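Using the sequences and the hints, build the whole thing.
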Amino acid sequence: MRAIKLSHLRKSYGHKQVLTDVNLEFEAGKIYALLGRNGVGKSTLLKIIANQILKSGGSVSLDGEELQDNERLLNDVYLMGPQTLWAPDRNVKWIFNITKQFYGGFDDEYAAHLVKVFRLDTKKRLAQLSTGYKTIAKLIVALCVPSEFVLLDEPVLGLDAPNRELFYDELLATYGKRPRTFVIATHLIEEIATLVEEVTVIADGQVLLADTAEHIAASAHTITGPAQKVVEFTAGTTPLQTHHRGAVTTISTLANLDGREVPAGVTVKTLPLQQLFIALTAGGQDDE
Amino acid sequence: MQLDATSLVPLYQQISDELVTGILTGEYPEASQVPSTTQLAREEQLNPATVLKGMNQLVDAGLLEKRRGVGMFVATGAVAAVKRRRRQEFITVQLQQLIADARALDISEEELVQGIEEGYDNARD
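Note that the protein sequences, when read in sequence, are chains A and B.
With the first letter of the first sequence counted as 1, position 95 gets the number 95 in our numbering; the numbers rise by one all the way through.
With the first letter of the second sequence counted as 1, position 113 gets the number 113 in our numbering; the numbers rise by one all the way through.
Calculated directly from the structure, the hints in this document are not laboratory data.
Be careful, since some hints might not be right.
[Claimed, not checked] Label-pair ranges, simulated between beta-carbon atoms:
#: 1; chain 1: B; residue 1: LYS66; chain 2: A; residue 2: ALA127; range: 47 to 57 Å
#: 2; chain 1: B; residue 1: GLN39; chain 2: A; residue 2: GLY105; range: 51 to 61 Å
#: 3; chain 1: B; residue 1: ASP17; chain 2: A; residue 2: LEU209; range: 27 to 37 Å
#: 4; chain 1: B; residue 1: ASP17; chain 2: A; residue 2: SER56; range: 43 to 53 Å
Quantities reported herein were computed from a predicted structural model and do not represent experimental measurements.
All C-beta atoms, glycine included, are put in the ideal place defined by N, C-alpha and C.
The following block contains the structure:
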């Protein structure tokens with residue numbers, strides 16, 4: 001199984017350590033969510049993988065070979081980020097062509113389809129495109145390159161709701177046709193929660209959580225009810241957040257509760273990924 | 001399909017349940033093709049692995065058949081099999097729940113039976 005593997009990856013800017021010890025794998029053919037609070041180093045991490053910035057230590061490998069400066073392997077990695085790397089006076093058509101030359105392939109047919117459904121004017125120069133349409137142009141490139149590992153940093157930046165829906169739909173369509181790895185770093189967690197197979201959460205320069213979305217959904221719970229009963233029911237698990245409202249207590253936890261009998265008056269629900277993310281990264285207790 | 005991400009029922013199980021309901025209601029008749037994994041994934045904005053897991057449960061249960069290179073089809077005899085399954089579920093789960101709810105409201109056995117008989121009478125009219 002092909003995989004991008006990061007081990008003990010470190011990155012500092014001057015004295016500021018952004019990534020302290022990152023260990024994770026992006027396996028071939030899976031869709032990942034890469035989540036983290038603002039400034040936690042998600043973009044830094046993706047740029048290091050794509051060889052756009054240098055790491056301070058550790059290793060990044062693909063197929064067991066170091067990825068840094070390895071042009072042959074880097075052809076299999078494509079990063080779409082919030083920055084636009086092309087000159088603003090170039091038009092969209094030119095960008096498609098230069099990408100084709102650079103990556104040794106480009107799905108022209110699919111690009112034409114995407115241009116049509118997103119209503120992108122390919123004769124326009126980048127500088128003439130709105131933020132949303134710049135994103136669309138970049139997304140089309142990212143979905144049409146032959147690379148097996150596609151890293152999408154804020155892929156829906158500036159896109160309105162219908163265009164975001166369209167993007168998720170096209171992502172699933174092209175993934176169904178040609179399964180490959182997509183790593184999606186986004187703050188619109190709810191929108192991608194059921195779309196991804198794996199979830200990685202970065203906090204404090206490290207991986208805080210890396211698991212399948214299915215397993216996370218099966219273990220992320222909120223338990224609501226009378227304080228005493230909720231505490232008894234969740235005994236032995238570590239609460240992520242505890243809220244008290246009058247006599248009612250709500251505990252969110254990441255624990256397998258299978259086999260525990262839910263007492264009368266207590267409600268157990270699945271904690272949606274976005275709420276779990278908040279509970280995990282906001283941290284601490286909120287007793288009031 | 002009506003999927004609920006906050007339900008304790010896993011999404012793959014919800015997919016599988018919805019397909020079973022579709023077989024029962026005739027939305028997917030026997031020997032007809034059900035939507036592909038990618039189609040369902042796109043419609044419900046779900047990861048294809050989730051959809052596939054739900055479908056494979058039905059393949060294992062003999063309700064769906066894989067035809068290589070073509071897709072998934074509803075097996076012959078699936079409607080009867082689903083009815084058998086649901087009937088058993090109704091007796092062991094829903095009926096027990098109904099009785100428990102009635103008891104919680106102090107509705108006696110006689111009252112409940114009477115109510116059921118009246119319901120049948122009304123349905124016949």
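Please write out, lowest number first, the hints stated earlier that are contradicted by the structure. 2
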